[in-house]
Amino acid sequence: MAPNLSRFFARSITEAEANLAGTLGYVCTIPGTALCFLVLVAYGVASFYAKARQHLDRVSFRLLVYTLIFHVLYGIAFSVTAAQTGPGSLCNFGAFAVNFTLSFATFFTTCIAINLQLVLVHRVNGRKMEKYYIIGTTLLALAITVPTYGLDQFGWNEDSFTCWFKNPNPHTRLQWLIGTQSFWIALAATIETVCSSVVLIWMYRFQITTKYLQKASHPSYSLSTRGGMTTRNTGRTWDTSSSSTRVLGQAHKYRSVILRIALYPIVSLMINFSTVALDLNSTIVGTTDEFQYRLLVLDLCLYGFRTAAYAVLAIFDPGFTKAIREIRKPKSWSTGDTGRTVSNPRFASGQTQQSGKLVINVELEMGTYSDSTAFKDSKIHSGSGDDSEAQITQKPDLQTDSLEGQTTLPTQTRIDEESIARTQYEMELEQDKKFERQL
151 MAPNLSRFFA RSITEAEANL AGTLGYVCTI PGTALCFLVL VAYGVASFYA KARQHLDRVS
211 FRLLVYTLIF HVLYGIAFSV TAAQTGPGSL CNFGAFAVNF TLSFATFFTT CIAINLQLVL
271 VHRVNGRKME KYYIIGTTLL ALAITVPTYG LDQFGWNEDS FTCWFKNPNP HTRLQWLIGT
331 QSFWIALAAT IETVCSSVVL IWMYRFQITT KYLQKASHPS YSLSTRGGMT TRNTGRTWDT
391 SSSSTRVLGQ AHKYRSVILR IALYPIVSLM INFSTVALDL NSTIVGTTDE FQYRLLVLDL
451 CLYGFRTAAY AVLAIFDPGF TKAIREIRKP KSWSTGDTGR TVSNPRFASG QTQQSGKLVI
511 NVELEMGTYS DSTAFKDSKI HSGSGDDSEA QITQKPDLQT DSLEGQTTLP TQTRIDEESI
571 ARTQYEMELE QDKKFERQL
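So the sequence shown is numbered by my numbering: it starts at 151 and just counts up by one.
Take these hints with a grain of salt, some might be off.
Calculated lysine-lysine pairs in the DSBU-like style (CA-CA distance at most 35 Å, straight line) [claimed, not checked]:
{"no.": "1", "residue 1": "479", "residue 2": "281"}
{"no.": "2", "residue 1": "278", "residue 2": "472"}
{"no.": "3", "residue 1": "201", "residue 2": "278"}
{"no.": "4", "residue 1": "472", "residue 2": "316"}
{"no.": "5", "residue 1": "281", "residue 2": "201"}
{"no.": "6", "residue 1": "201", "residue 2": "479"}
{"no.": "7", "residue 1": "281", "residue 2": "472"}
{"no.": "8", "residue 1": "201", "residue 2": "472"}
Here are the computed distance ranges between Cβ atoms for each label pair [claimed, not checked]:
{"no.": "9", "residue 1": "355", "residue 2": "434", "range": "38 to 48 Å"}
{"no.": "10", "residue 1": "358", "residue 2": "288", "range": "37 to 47 Å"}
{"no.": "11", "residue 1": "471", "residue 2": "164", "range": "44 to 54 Å"}
{"no.": "12", "residue 1": "300", "residue 2": "333", "range": "13 to 23 Å"}
{"no.": "13", "residue 1": "329", "residue 2": "286", "range": "12 to 22 Å"}
Keep in mind that the hints were calculated from the coordinates and are not lab data.
Don't be surprised by glycine CBs; every beta carbon is placed ideally from N, CA and C.
Sequences and hints are given; from them, build the entire structure.
Printed below as a string of structure tokens:
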């Protein structure tokens, strides 16, 4: 037992062990980087389809694309940097490139969580906030990486045998690490966690509210409505204004989308907090024994695996999966010059003649009216096939003295009601599309 414990006592890490750690780092990074690139290519191909493009027009999807782009750049920079075995200009620039691209990828993921909370909970227009996400991420990433590189703080770390923060003073190196990387990554992960938790709690309250409203709709349930607030006899109040109800209804429709978007911060939380803790441990304690060496290898592997983790999440992004289903959907029947598309045409009736040919009858009712209230109801029967038959049957005019001067007919009223219902449906559909684009 003593020989096994002796491996964890203080000792120097050999050059072979340092090379092995670097090799494991970039080996873990390459597959995820390649997968991120392939996902971006798939996104680009899907965007060429007009019907699929409408599902990709979402704020969180564009933020995810930015994240994947910087993850590809991060993977390339990390692979090249991890392969270095000593100091040099490539090592210095590589350490800067890793931190620079990592900052962008981390902050864009944070913006996904922030946008989700702003749109759902606070009803902020996500499309208007998109430019602020980009500007804020860019300014913050530049502010914490460019000055550090300009002051020559990136380079070969003699303690961990990696291209990282290179200040020879451990205390000063720790300050640079916390001030320009660890604090900001931990803050981003914390914000993601808080925003995701708020959204999930909001979704839970939404379920409770839905059950309450369903129960409240029962005739035996006593309700009174005042000033846009629905109040039960117990005194508990719920906001039932039109905007709140609309957001709740849209959130119910896109519940799966919301929950899947919330997965990004959860994965980021696990990876970022782990790497921050391991970085601080490596800087404070150093790599002086077998156990610390294993923690160093774990740290490098986690930095490599983050590209694969985000690539897998990107594959199952709700907008992308909807776009793929839209592309794979079979083509619909077109009605011709009207520009309307019929996916499942239905006919009034059909029969097979003795000749073996199918005749399908389509009945059209037409209502006409005039000042004399003459109402004509015509039926048109048309067949399909080579031996198509067309018969027009016209009912006799119906005139009634009691209907003199009446110009509004039930047929016209029904048409007006259908037109209003169709308009309302189209308006609701457009509102749903606007809401989805904000997510």
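Here is how each hint holds up against the structure:
no.	hint	result
1	479 to 281	holds, 34 Å
2	278 to 472	holds, 24 Å
3	201 to 278	holds, 24 Å
4	472 to 316	violated, 47 Å
5	281 to 201	holds, 25 Å
6	201 to 479	holds, 10 Å
7	281 to 472	holds, 25 Å
8	201 to 472	holds, 10 Å
9	355 to 434: 38 to 48 Å	holds, 42 Å
10	358 to 288: 37 to 47 Å	holds, 40 Å
11	471 to 164: 44 to 54 Å	holds, 48 Å
12	300 to 333: 13 to 23 Å	holds, 20 Å
13	329 to 286: 12 to 22 Å	holds, 19 Å
Hint 4 from the earlier list is the only one contradicted by this structure; the remaining hints agree with it.
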